[in-house]
Amino acid sequence: MPIDKEISEKRKRQCMKLVEISKGIVRQAFERFKHEELGITWTGGKDSTLTLWIIRQVCMEKGLPLPKTMIIGEGDEFEEIEEFVGRIGKEWEVPLEICRNEDVLKAANYKLNAPVRVRDLNERNRAELKRIGFEGDEFPFEAESYVGNHLMKTVVFNEFLERNRIKGVFQGLRWDEHPARFNDEYFEFKEGGYLVPDHTRIRPILHFTEKDLWDTYAAFRIPYCVLYERGYRSLGAKTTSQISIEGVPAWKQDLENTEERSGRRQDKEKAMERMRKLGYM
Amino acid sequence: MAEIVSPGCPRGVPGNVEMPLAVERLPNGNTLIADAGDEAGFGSEIVEVDRVGNIVWNYHEGLKFAHSARRLKNGNTLITDTTNNRLIEVTPEKKMVMNSDEWCEGTGKLSDGSHLHYPNEAYELADGTFLVTDRNNDRFIQIDRHGNILWSYDKELHHPHNANPLPNGNFLVCDSDGNRILEVNRKKEIVWCYGDGSPHTLWWPRGALRLKNGNTVITDSKNHRVIEVTPEGKTVWTFQTEHVDKFYITHLTEEETFLIASTDGHHQVMEIDRLGNIVWLFRNYRRPAPIYARLTNGFFKEVGEDGMPRHWTLATRLSEGGGRVIWDTSHRPFPCPGLEYDRPGGLFLQQNIAVRVGETYRIGAEIKTVEVKGTACLHIDFYDAFGGSLYRDITEMPSGEYFSGTNDWTHDLFEVKVPRHATFAQIRLALNHSGIVFIRNLMMNPA
Numbered sequence: 012m013p014i015d016k017e018i019s020e021k022r023k024r025q026c027m028k029l030v031e032i033s034k035g036i037v038r039q040a041f042e043r044f045k046h047e048e049l050g051i052t053w054t055g056g057k058d059s060t061l062t063l064w065i066i067r068q069v070c071m072e073k074g075l076p077l078p079k080t081m082i083i084g085e086g087d088e089f090e091e092i093e094e095f096v097g098r099i100g101k102e103w104e105v106p107l108e109i110c111r112n113e114d115v116l117k118a119a120n121y122k123l124n125a126p127v128r129v130r131d132l133n134e135r136n137r138a139e140l141k142r143i144g145f146e147g148d149e150f151p152f153e154a155e156s157y158v159g160n161h162l163m164k165t166v167v168f169n170e171f172l173e174r175n176r177i178k179g180v181f182q183g184l185r186w187d188e189h190p191a192r193f194n195d196e197y198f199e200f201k202e203g204g205y206l207v208p209d210h211t212r213i214r215p216i217l218h219f220t221e222k223d224l225w226d227t228y229a230a231f232r233i234p235y236c237v238l239y240e241r242g243y244r245s246l247g248a249k250t251t252s253q254i255s256i257e258g259v260p261a262w263k264q265d266l267e268n269t270e271e272r273s274g275r276r277q278d279k280e281k282a283m284e285r286m287r288k289l290g291y292m
Numbered sequence: 002m003a004e005i006v007s008p009g010c011p012r013g014v015p016g017n018v019e020m021p022l023a024v025e026r027l028p029n030g031n032t033l034i035a036d037a038g039d040e041a042g043f044g045s046e047i048v049e050v051d052r053v054g055n056i057v058w059n060y061h062e063g064l065k066f067a068h069s070a071r072r073l074k075n076g077n078t079l080i081t082d083t084t085n086n087r088l089i090e091v092t093p094e095k096k097m098v099m100n101s102d103e104w105c106e107g108t109g110k111l112s113d114g115s116h117l118h119y120p121n122e123a124y125e126l127a128d129g130t131f132l133v134t135d136r137n138n139d140r141f142i143q144i145d146r147h148g149n150i151l152w153s154y155d156k157e158l159h160h161p162h163n164a165n166p167l168p169n170g171n172f173l174v175c176d177s178d179g180n181r182i183l184e185v186n187r188k189k190e191i192v193w194c195y196g197d198g199s200p201h202t203l204w205w206p207r208g209a210l211r212l213k214n215g216n217t218v219i220t221d222s223k224n225h226r227v228i229e230v231t232p233e234g235k236t237v238w239t240f241q242t243e244h245v246d247k248f249y250i251t252h253l254t255e256e257e258t259f260l261i262a263s264t265d266g267h268h269q270v271m272e273i274d275r276l277g278n279i280v281w282l283f284r285n286y287r288r289p290a291p292i293y294a295r296l297t298n299g300f301f302k303e304v305g306e307d308g309m310p311r312h313w314t315l316a317t318r319l320s321e322g323g324g325r326v327i328w329d330t331s332h333r334p335f336p337c338p339g340l341e342y343d344r345p346g347g348l349f350l351q352q353n354i355a356v357r358v359g360e361t362y363r364i365g366a367e368i369k370t371v372e373v374k375g376t377a378c379l380h381i382d383f384y385d386a387f388g389g390s391l392y393r394d395i396t397e398m399p400s401g402e403y404f405s406g407t408n409d410w411t412h413d414l415f416e417v418k419v420p421r422h423a424t425f426a427q428i429r430l431a432l433n434h435s436g437i438v439f440i441r442n443l444m445m446n447p448a
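Same order as they appear, the protein sequences are chains B and H. If you count by this note's numbering, then the first sequence holds residues 12 to 292, one letter each, in order. If you count by this note's numbering, then the second sequence holds residues 2 to 448, one letter each, in order.
Just so you know, these hints were derived from the structure itself, not from any lab. Virtual Cβ for every residue (Gly too), placed ideally from N, Cα, C. Mixed in with the good hints, there may be bad ones.
Derived PhoX-like pairs (lysine-lysine); straight-line CA-CA distance at most 20 angstroms [to be verified]:
hint : chain 1 : residue 1 : chain 2 : residue 2
1    : B       : LYS164    : B       : LYS201
2    : B       : LYS141    : B       : LYS178
3    : B       : LYS16     : B       : LYS34
4    : H       : LYS418    : B       : LYS201
5    : H       : LYS302    : B       : LYS141
6    : H       : LYS156    : H       : LYS189
Computed footprint of chain H on chain B, listed as stretches where at least three residues anywhere in the stretch have a Cβ under 8 angstroms from a Cβ of chain H [said to hold, decoys possible]:
hint : segment
7    : 52-60
8    : 134-147
9    : 181-193
A few chain H positions that, by computed beta-carbon distances, are all more than 12 angstroms from chain B [unchecked claim]:
hint : residue
10   : LYS189
11   : HIS201
12   : ARG288
13   : LEU296
14   : GLY388
15   : VAL417
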């Protein structure tokens with residue numbers, strides 16, 4: 012169902028301009044890399060779905076199929092996202108590869124928070140743990156922990172690049188989603204190293220604000236996951252994602268004056284005030 | 002195996018000026034500098050430097066985070082020994098001839114029954130009495146050599162700094178936490194004020210001086226600038242460097258140049274002319290803490306003989322005399338460290354790490370808190386080539402979650418892109434105000 016938001020012709024033209032900038036980045040990527048060297052990361056969330064939609068527009072122009080697309084199975088997924096990805100994947104003919112760290116899932120007996128013993132993992136995962144400086148004997152299976160995040164996302168991502176010899180990979184990041192993103196570039200070369208292949212990260216929608224994004228969804232009737240209607244603004248793992256405002260669709264929330272990824276503790280402002288009293292620092 | 006890319010130097014070496022605060026040019030042309038010392042609480046001293054940078058006199062006996070040193074008419078030096086909460090006077094031969102700890106039968110109390118709390122400035126007035134800024138009592142006071150309070154001002158001040166006498170008999174004072182400069186007369190009336198309280202006009206100002214032309218020069222610390230404002234509040238001159246220089250005090254010399262203390266930002270004292278030219282500079286700093294090639298002992302398995310996690314520094318500079326590292330020995334599979342703290346101010350457990358500009362790092366740990374009144378968090382600071390932080394304020398530093406109260410073990414994860422001009426990072430477990438914070442399984446890797 013398209014978003015129930017009136018978009019004026021003027022705003023639609025503005026959104027079109029933003030989409031055109033993104034398409035320009037995608038076209039450049041197609042010039043710099045062979046089609047089979049390109050990959051897409053998709054989560055079913057609003058950012059990566061918009062990115063996928065834009066890449067698809069360019070592919071349709073060029074009469075090309077979509078590049079190989081990965082989706083990460085962390086073992087803690089929303090059913091709503093799975094349903095959305097399944098439906099849209101079929102409709103848009105996405106060459107989807109569901110990537111999981113099966114070795115870790117098995118060691119955790121596919122149960123969230125179950126302890127994973129390092130010695131039960133395969134050589135690659137053990138090497139990865141060593142690489143990031145993990146010195147424990149076990150860890151609980153949680154996708155959003157440091158170790159979980161690395162094994163279930165980063166390792167799976169690197170393996171996808173390696174397996175498919177991907178040289179350029181599309182990501183749906185935006186400058187305004189997090190302060191750490193402020194200086195990101197459309198094309199960023201990542202030098203490889205031990206267990207990490209050389210690759211370029213391509214970020215076509217960096218310039219979209221959260222509001223631009225939802226207006227674009229509304230203007231072009233782009234499909235989205237139903238969870239956003241229920242008040243989620245940012246989707247991650249099922250057990251750690253939180254509704255921002257119950258029952259208020261993401262696009263009707265105060266996008267410009269509140270945090271997209273507000274922490275668990277909403278009193279951060281107060282805490283900051285106390286910290287400021289430290290004076291010197 | 003720890004890999005160090007830049008070694009540190011021994012702590013507390015006399016003459017190593019880590020954090021110059023108050024500064025003044027003496028009649029003989031030398032410069033008197035109060036050095037508050039390093040982040041771990043070592044090396045606070047008073048140094049007198051000649052024109053070519055030789056240290057011709059110093060005093061460091063027992064000082065903790067000393068904020069000011071002023072040469073008296075009798076040739077002695079009056080020192081606010083801030084974390085020791087005392088005021089002392091020492092002779093050129095380093096003999097202590099006055100110590101506020103001895104007042105009121107050795108209790109250190111003043112005539113009103115109070116005790117100095119974070120004194121950060123003291124001047125000698127024309128009649129030989131002292132004007133002392135008593136920060137944590139939110140006041141400035143005129144006292145005699147025996148601790149009798151002759152006059153005081155304690156209205157509308159929030160963490161004041163640098164109260165100083167004016168020729169007209171009034172006083173200038175920085176209401177630092179109120180982001181204002183006040184001129185107060187003897188009747189305790191505010192006769193002039195600059196700053197509307199917002200950090201846009203002044204942010205944590207720590208020095209103010211009145212010029213002969215009637216204008217006021219303000220050291221606007223967190224806006225990293227020195228400004229001159231007219232009595233009407235118009236800014237007519239600004240000095241700023243390309244760095245985030247959180248200047249502390251500006252002093253006017255006979256030659257109408259300004260001496261500016263750069264604090265721990267750039268560990269130096271600059272003398273500048275009206276055009277912003279640096280006409281003299283004193284810097285004698287080596288960083289005590291090493292820089293590691295990567296995060297080292299992030300699981301806190303290695304413990305030093307001093308009971309500290311190895312390769313980590315406990316930064317007590319802002320802890321106002323409190324705070325320590327504790328261990329939860331019942332934690333499995335091995336004990337985990339924490340910070341315990343019992344007062345306002347801040348305590349940090351920190352390590353310097355080499356980083357690459359433009360690289361994005363993912364930082365994460367698990368954190369547990371017990372009755373934290375203020376805030377506990379994991380954050381990261383970045384330093385430029387002069388050893389100065391790239392941030393104006395602690396709340397601008399990239400951080401994980403801010404924890405208050407009691408929280409069971411929580412995963413904390415954040416990403417940061419290394420800003421331009423950064424030469425190394427300092428990762429910190431921070432605790433502000435009282436409580437306990439524990440940390441385990443700290444990791445930091447390129448994202």
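Item to check | Annotated coverage of the segment 134-147 of chain B by chain H, confirmed only when three residues or more have a Cβ within 8 angstroms | outcome: holds (count 6)
Next on the checklist: For a C-alpha distance cap of 20 angstroms, please report whether LYS16 of chain B and LYS34 of chain B respect it.
Outcome noted: violated, 24 angstroms
Next on the checklist: Just to be careful, I want the Cα atoms of LYS141 of chain B and LYS178 of chain B compared with a cutoff of 20 angstroms; is the pair within it?
Outcome noted: Cα-Cα ~26 angstroms, so violated.
Next on the checklist: So if I understand the rule, the pair passes when the alpha-carbon distance is 20 angstroms or less; does LYS156 of chain H with LYS189 of chain H pass?
Outcome noted: Satisfied, since the Cα-Cα distance of roughly 8 angstroms is no more than 20 angstroms.
Next on the checklist: So if I understand the rule, the pair passes when the alpha-carbon distance is 20 angstroms or less; does LYS302 of chain H with LYS141 of chain B pass?
Outcome noted: Holds, at about 15 angstroms.
Checklist entry - Would you say ARG288 of chain H is clear of chain B, with no C-beta pair closer than or equal to 12 angstroms? => result holds, 17 angstroms
Checklist entry - Regarding the assertion that VAL417 of chain H does not contact chain B, is the least Cβ-Cβ distance greater than 12 angstroms? => result violated, 5 angstroms
Item to check | Within 8 angstroms of chain H's CB atoms, at least three CB atoms from the segment 52-60 of chain B: coverage verdict | outcome: violated (count 0)
Checklist entry - Regarding the pair LYS164 of chain B and LYS201 of chain B, is the alpha-carbon distance no greater than 20 angstroms? => result holds, 17 angstroms
Checklist entry - Beyond 12 angstroms from every Cβ of chain B: is that where the Cβ of GLY388 of chain H lies? => result holds, 15 angstroms
Checklist entry - Given the hint that LYS418 of chain H pairs with LYS201 of chain B, does the C-alpha gap stay at or below 20 angstroms? => result holds, 14 angstroms
Checklist entry - Would LYS189 of chain H pass as off the interface with chain B, using Cβ distances and a cut of 12 angstroms? => result holds, 25 angstroms
Violated hints for the displayed structure, listed by number in ascending order: 2, 3, 7, 13 and 15.
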